[in-house]
Amino acid sequence: MSNTIRLTAAQAMVRWLAVQMTEEGERFIEGVWAIFGHGNVAGLGEALHGIGDRLPTWRGQNEQTMAHAAIAYAKTKARRRAMAVTSSIGPGATNMVTAAALAHVNRLPVLFIPGDVFANRRPDPVLQQIEDFDDGTVSANDCFRPVSRYFDRIARPEHLLTALPRALRVMTDPANCGPVCLAFCQDVQAEAYDYPETFFAPRTWRIRRPEPDPREVADVAALLRAARRPVIVAGGGVIHSGAEERLATFAAQHNIPLVETQAGKGAVSWQDERNFGSPGVTGSDCANRLCAEADLVLGVGTRFQDFTTGSWTVFANPARRLVSINLAGYDANKHGATGIVGDARATLDALSLALTEHRAPDFDAEARRAWHAKVAAVTAPPAEVHRNALPTDAQVIGAVQRATTERSIVMCAAGTMPGALQVLWQASPGGYHMEYGYSCMGYEVAGAMGVKLAAPDREVICFVGDGSYMMANSELATAVMRRVPFTVVLTDNRGYGCINRLQAECGGAAFNNLYEDCNVEVQPEIDFVAHAAAMGAHAEKVTDIAALEAGIAAARGRAVPTVLVIDTDPTPGTGAGGHWWDVAVPQAGGPERLEQARACYNRNAAAQRVVD
5 MSNTIRLTAA QAMVRWLAVQ MTEEGERFIE GVWAIFGHGN VAGLGEALHG IGDRLPTWRG
65 QNEQTMAHAA IAYAKTKARR RAMAVTSSIG PGATNMVTAA ALAHVNRLPV LFIPGDVFAN
125 RRPDPVLQQI EDFDDGTVSA NDCFRPVSRY FDRIARPEHL LTALPRALRV MTDPANCGPV
185 CLAFCQDVQA EAYDYPETFF APRTWRIRRP EPDPREVADV AALLRAARRP VIVAGGGVIH
245 SGAEERLATF AAQHNIPLVE TQAGKGAVSW QDERNFGSPG VTGSDCANRL CAEADLVLGV
305 GTRFQDFTTG SWTVFANPAR RLVSINLAGY DANKHGATGI VGDARATLDA LSLALTEHRA
365 PDFDAEARRA WHAKVAAVTA PPAEVHRNAL PTDAQVIGAV QRATTERSIV MCAAGTMPGA
425 LQVLWQASPG GYHMEYGYSC MGYEVAGAMG VKLAAPDREV ICFVGDGSYM MANSELATAV
485 MRRVPFTVVL TDNRGYGCIN RLQAECGGAA FNNLYEDCNV EVQPEIDFVA HAAAMGAHAE
545 KVTDIAALEA GIAAARGRAV PTVLVIDTDP TPGTGAGGHW WDVAVPQAGG PERLEQARAC
605 YNRNAAAQRV VD
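Every position in the sequence shown, counted from 1, becomes a number in this note's numbering once 4 is added.
Be a bit skeptical, because a hint or two may be false.
Stated by the list, open to error - Below, in silico cross-link-like pairs of lysine to aspartate or glutamate (EDC-like), each with a Cα-Cα straight-line distance of 20 Å or less:
| no. | residue 1 | residue 2 |
| --- | --- | --- |
| 1 | Lys545 | Glu509 |
| 2 | Lys338 | Glu220 |
| 3 | Lys378 | Glu277 |
| 4 | Lys545 | Asp531 |
| 5 | Lys378 | Asp289 |
| 6 | Lys545 | Glu596 |
In short, the hints are calculated from the structure, not lab data.
Let the sequences and hints guide you as you build the complete structure.
Okay, here's the thing in structure tokens:
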């Protein structure tokens, strides 16, 4: 019989997590973000204190946003390392459900450890306990079930012996990767058990690289050989696989132009002659034209979200065939695609071998050059005659673009800037971080901190609108306390400018988005500079585009976050690119503006092609 060691369940959990290693000899779980309450302070809190720097603990300001920081860290590390997040029961736990959904949509690993109710049920109903009148086994943590790739409830100390390995198996599985929730009953956290000493032996977790089925490779190679106008759609799976250089080589060797999704942007340099930018709703003119004419669409690590596909109207060629390379069979066979299930890098290698010297016919390279000339025009500084006008979002992007270097990472999540950045930002490899799978307002500030923690030698610039900043900004204080510097470009258009424009495009009246269209007694005058400065950040109002460029350069020497606030015009879009998006318009009962919008909607919806 093996030797045992007597530990509480919480002590056993943190001791086990501390010795789960990557192939590079680092902890897979870098540390634990924690806000303590009655459901985790005495058990897990004491265990984390006891283990010290072998599994560091960091204190956040909000359960959702500290989880966003953990998710951004995992995304920046291309899923090769992760963090854990713990909260008490009740609101602390449910605050994290949004973050779990974000991680699930984006296929990113994070370990959620919410405290749970008493397994012994003696004090029921304990403070913050949700009581299901018809099911005594339910707690608030059951909300995590639909947004977790693996869910377990630790109701006995020995459950850890199977639950922890299952959790890490999911988090390190490239095909099944995503968030894990281990709901930890608070009395069980403090219970002692005799664990086998062998359970705590260090273990190395390898990220598999599954090879594709040769038959699927042969089928797709035949389709590529027959195609006259193929196009590659590069998704986030390219980056997760580390296949960036392989994709660029594949495209060059076989003369296939490519476009990038939000998650895949930056996989291939914008300067690559085959990179036509992004397709879809916030896509470039040249990319959308390329996709409209394509007779074969080769997706690499993309889930073909509706922004990428223009709600399935972008790929308009009646003869088109859809092919999808993906680790998950679920994604590989979407919309009737011919799927290849396999790692992106390994599959591109196999396809290239099968294609030998085959090269697709030449494509229109001039369209790409014309597009970049258009980008330069809309992102240029405002002319002298317009000095008194508020800058556009495109001009703000141009200023940041001119001020950044090859070592910069720009990031964002929701509002105006994601679409504007996708269509206008000229991304260098590894320099673009966008959370657009869930497009979660409030991700930005915490996410910027997570990116900087994962890439401390890189400059991190966070774009955030005033609406998203108002939703979640408190981790700015955490970044100040931990001396994690990054730059926030806060564009103030006095409301939800992005949705206001969408509202107008759908025939709606201006209502409840910009503050001037809201039911308020007094128009707000929010001093974002004073607010950020109150949390310890360096904050300043920049009055024009030139001052913004100077402010970004000056921020590089600081040890705390810098917040640069600039007023922008909420009305204009980017002035470049774009495509239809399926946002339903009322069919009846509206004024003429809605009838006109519905007629336009019907024309576009008729072009949708959902299945190949």
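*Holds or violated: are the alpha carbons of Lys545 and Asp531 at most 20 Å from each other?*
holds (10 Å)
*Below or equal to 20 Å on CA atoms is what counts here, so check Lys378 against Glu277.*
holds (16 Å)
*asked:* Run the distance test for Lys378 versus Asp289: straight-line Cα separation, threshold 20 Å.
replied: holds (10 Å)
*Hey, Lys338 versus Glu220, does the alpha-carbon distance stay inside 20 Å?*
Holds, because 15 Å separates the two Cα atoms, which is no more than 20 Å.
*Could you grab the alpha-carbon distance between Lys545 and Glu509 and see if it respects the 20 Å cut-off?*
violated (31 Å)
*Given the proposed pairing of Lys545 with Glu596, does the C-alpha separation stay at or below 20 Å?*
violated (42 Å)
In summary, the structure is inconsistent with hints 1, 6 from the numbered list given earlier, while agreeing with the others.
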